[in-house]
Amino acid sequence: MLTLESLTVGYDLPRGAVLADLNIAEQAGAFICVLGRNGAGKSTLMRTIAGLQSPLAGRVLLDHDDAVRLGAAARARRIAVVLTEREAAAGMTVEDVVALGRQPFTGWDGRLARQDRIIIAEALAAAGAEGFAARPFASLSDGERQRVMIARAIAQTPKLMVLDEITAFLDLPGRVETMTLLRHHARRTGTIVLLSSHDLDLSLQLADRIWLLDGKGGLLIGTAEQLVGQGAIGAAFDSADVRFSTERGRFELVRVT
Amino acid sequence: MTPHLSLRASGGALLLALLLVAIAIFEMSYGQVRLTASEVWAALVRPAGTDPVLVQIVRQIRLPRLLTGIVAGSALGIAGVLMQTLFRNPMADAWSLGLTAGGQLGVALIATGSALAGPGAVAFLAAFDGLDLTAGAAIGVMLMATAMASLARRVSAVTLLVVGLMIGFTAQGVVSVTIHFANRAGAKLFSGWNDGNFASVTWPDLPFLAAPVLAGIILAIACAKPLTSLLLGEVYATSLGTDVTRLRRLTLAATVLLVAPVTAYCGPVTFVGLIVPHLARWITGTARILPLLPLAALGGAVIATAADTVMHLPWEQHFLHLNAVLALVGAPVVIGLLIFSPTMRGQR
Numbered sequence: 082m083l084t085l086e087s088l089t090v091g092y093d094l095p096r097g098a099v100l101a102d103l104n105i106a107e108q109a110g111a112f113i114c115v116l117g118r119n120g121a122g123k124s125t126l127m128r129t130i131a132g133l134q135s136p137l138a139g140r141v142l143l144d145h146d147d148a149v150r151l152g153a154a155a156r157a158r159r160i161a162v163v164l165t166e167r168e169a170a171a172g173m174t175v176e177d178v179v180a181l182g183r184q185p186f187t188g189w190d191g192r193l194a195r196q197d198r199i200i201i202a203e204a205l206a207a208a209g210a211e212g213f214a215a216r217p218f219a220s221l222s223d224g225e226r227q228r229v230m231i232a233r234a235i236a237q238t239p240k241l242m243v244l245d246e247i248t249a250f251l252d253l254p255g256r257v258e259t260m261t262l263l264r265h266h267a268r269r270t271g272t273i274v275l276l277s278s279h280d281l282d283l284s285l286q287l288a289d290r291i292w293l294l295d296g297k298g299g300l301l302i303g304t305a306e307q308l309v310g311q312g313a314i315g316a317a318f319d320s321a322d323v324r325f326s327t328e329r330g331r332f333e334l335v336r337v338t
Numbered sequence: 236m237t238p239h240l241s242l243r244a245s246g247g248a249l250l251l252a253l254l255l256v257a258i259a260i261f262e263m264s265y266g267q268v269r270l271t272a273s274e275v276w277a278a279l280v281r282p283a284g285t286d287p288v289l290v291q292i293v294r295q296i297r298l299p300r301l302l303t304g305i306v307a308g309s310a311l312g313i314a315g316v317l318m319q320t321l322f323r324n325p326m327a328d329a330w331s332l333g334l335t336a337g338g339q340l341g342v343a344l345i346a347t348g349s350a351l352a353g354p355g356a357v358a359f360l361a362a363f364d365g366l367d368l369t370a371g372a373a374i375g376v377m378l379m380a381t382a383m384a385s386l387a388r389r390v391s392a393v394t395l396l397v398v399g400l401m402i403g404f405t406a407q408g409v410v411s412v413t414i415h416f417a418n419r420a421g422a423k424l425f426s427g428w429n430d431g432n433f434a435s436v437t438w439p440d441l442p443f444l445a446a447p448v449l450a451g452i453i454l455a456i457a458c459a460k461p462l463t464s465l466l467l468g469e470v471y472a473t474s475l476g477t478d479v480t481r482l483r484r485l486t487l488a489a490t491v492l493l494v495a496p497v498t499a500y501c502g503p504v505t506f507v508g509l510i511v512p513h514l515a516r517w518i519t520g521t522a523r524i525l526p527l528l529p530l531a532a533l534g535g536a537v538i539a540t541a542a543d544t545v546m547h548l549p550w551e552q553h554f555l556h557l558n559a560v561l562a563l564v565g566a567p568v569v570i571g572l573l574i575f576s577p578t579m580r581g582q583r
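Chains as they are written, first to last, in our numbering: chain A, 82 to 338; chain B, 236 to 583.
I should point out that these hints are in silico values taken from the structure, not numbers from a laboratory.
Possibly wrong hints are sitting among the right ones.
Per label pair, the in silico range of CB-to-CB distance [stated by the list, open to error]: (1) Arg388/B x Ala106/A: 33 to 41 Å; (2) Arg192/A x Leu351/B: 51 to 59 Å; (3) Val149/A x Val409/B: 33 to 41 Å; (4) Leu449/B x Ala249/A: 42 to 50 Å.
Sample of chain B residues lacking proximity to chain A, with all beta carbon distances greater than 10 Å (derived) [what the hints assert, rightly or not]: (5) Ala384; (6) Thr477; (7) Ala559; (8) Ala562.
Output of the computed footprint for chain B on chain A, the stretches with three or more beta carbons under 8 Å from beta carbons of chain B [claimed, not checked]: (9) 180-191; (10) 322-336.
Predicted model, so just to flag it, every value in this text is computed and none were measured.
All residues carry an ideal CB built from backbone N, CA and C; glycine is no exception.
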């Protein structure tokens, strides 16, 4: 279970708090999409929950453990991260990259036990990356790399997976595959998957729960139906040119020039 | 990862080790005076019953030079792996990023400072020859490593490299001027400071060269696992439980331990640290750090001793320079990297 307790995220002054006093509880196995416009604070929130950035106040609890106080090594055994950044990982094979997911569990020399190798093979299969396990990571396409990074996160056997805008470089079928894969993984293993995305349509269709950042420091939580019904999606995203149609459940251009 | 890969690594290590033995035998017997293998063997194991001149050549000249080449080559090879990983730059190396130059400056300044301070200081310096020259080099290498590490976060890989090479030229100029004044003030200094050289290390020097290098190798082995995670970038490394700030400090410390004594005793040895990590990665087929370290050590030792052997072949006219020999092998590799490596072409 992931619990945010009076969590305030942001930066030192002058920028200050981005999102304040968040109280959220999510159950194991939830597939959660974090939506909001650029600058609404998605990445700041995701980074804070992942432990890559300190909260300004409050706590992030994972099964009653304070994720900040756990320390980097213990946190790495519970939380896995996938980011937009495309790292070249020069000289690494796909299998090497996925094997890094086991690093929090190995000894000083990083030697993989039999069990680790089984987990790596399963993670490669779960992410649909077993076909190119032996290839150099740098030779892969964007979509393939994303799969490998997800396989690495799965190999980390986390309780919480934090994925920040990872579908940005993928085409539509690639995005659908990635999101269904993650949803399936959450269901199957009980991992909480927290995915920030600009894919409103897909997120609304696939997410168990939506965290909607309204861009004014507020965070609304609910299922897609609830948020659409409240008109919250439109409130967060509508602009002069585009508006969310509650009846059709999708965005429409206001005027076509 | 797979047994196939570790087979590649151990097979490659075995080949490099055999090559090193072959070079060692060749280097011990070949030179201005040509000896047979049995003469070398006799001089090594039965010095009492052998021609004292031969014993002198084998035990006091060639063997220390060979061992120095092995220690320095291993140190530079491992330091190259550490630096290329830490700087995320396939051309990073103690020499190319100006660390060697910093070390040279440190040594030159200590020697000159004591020369200008007076004969007492020179005597003190002479009494603690190995320690204080290494300490001077260590301070220089450390300052330069820290400066380059902070610069690396602001500029591109290529810019960093050009800055490093320019620092190298600057240091050579300053060292020349400094040595000029030091000699006038009567300080004893190593000759040939603008070229690498394994021949000036004697038996009493060797422990001062080898001990810090050994410590550096141990530290490098301890850093190998977290350094592997750094191949994915700092954020991923952090998310995998690596304390990146601490890792950066430890890796720089290991680099200083490896590079400073080599710079103090052998001068600027070029290209070894730059090309050896690529050789090691090519042999193992992976960039994971731990399997690379033994191969980088062996590869560095092979290249350093091979270049030293070529330099000491009985040339008719004059001596070759060590760095000239190394440049013949190293410079084409660097050009190839500049043209073909994605990082150097700026498509990170």
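So, going through the hints one by one against the coordinates:
1. Arg388/B x Ala106/A: 33 to 41 Å: holds, 39 Å
2. Arg192/A x Leu351/B: 51 to 59 Å: holds, 54 Å
3. Val149/A x Val409/B: 33 to 41 Å: Given a distance of about 48 Å, which is not inside 33 to 41 Å, the answer is violated.
4. Leu449/B x Ala249/A: 42 to 50 Å: The hinted range 42 to 50 Å holds for leucine 449/B and alanine 249/A, with Cβ atoms some 48 Å apart.
5. Ala384: About 19 Å separates alanine 384/B from the closest Cβ of chain A, which puts it past 10 Å; holds.
6. Thr477: violated, 7 Å
7. Ala559: Check passes; 30 Å lies beyond 10 Å.
8. Ala562: holds, 25 Å
9. 180-191: Result for this restraint: holds, n = 9.
10. 322-336: violated (count 0)
Checked against the numbered hints listed earlier, the structure breaks hints 3, 6 and 10; every other hint is satisfied.
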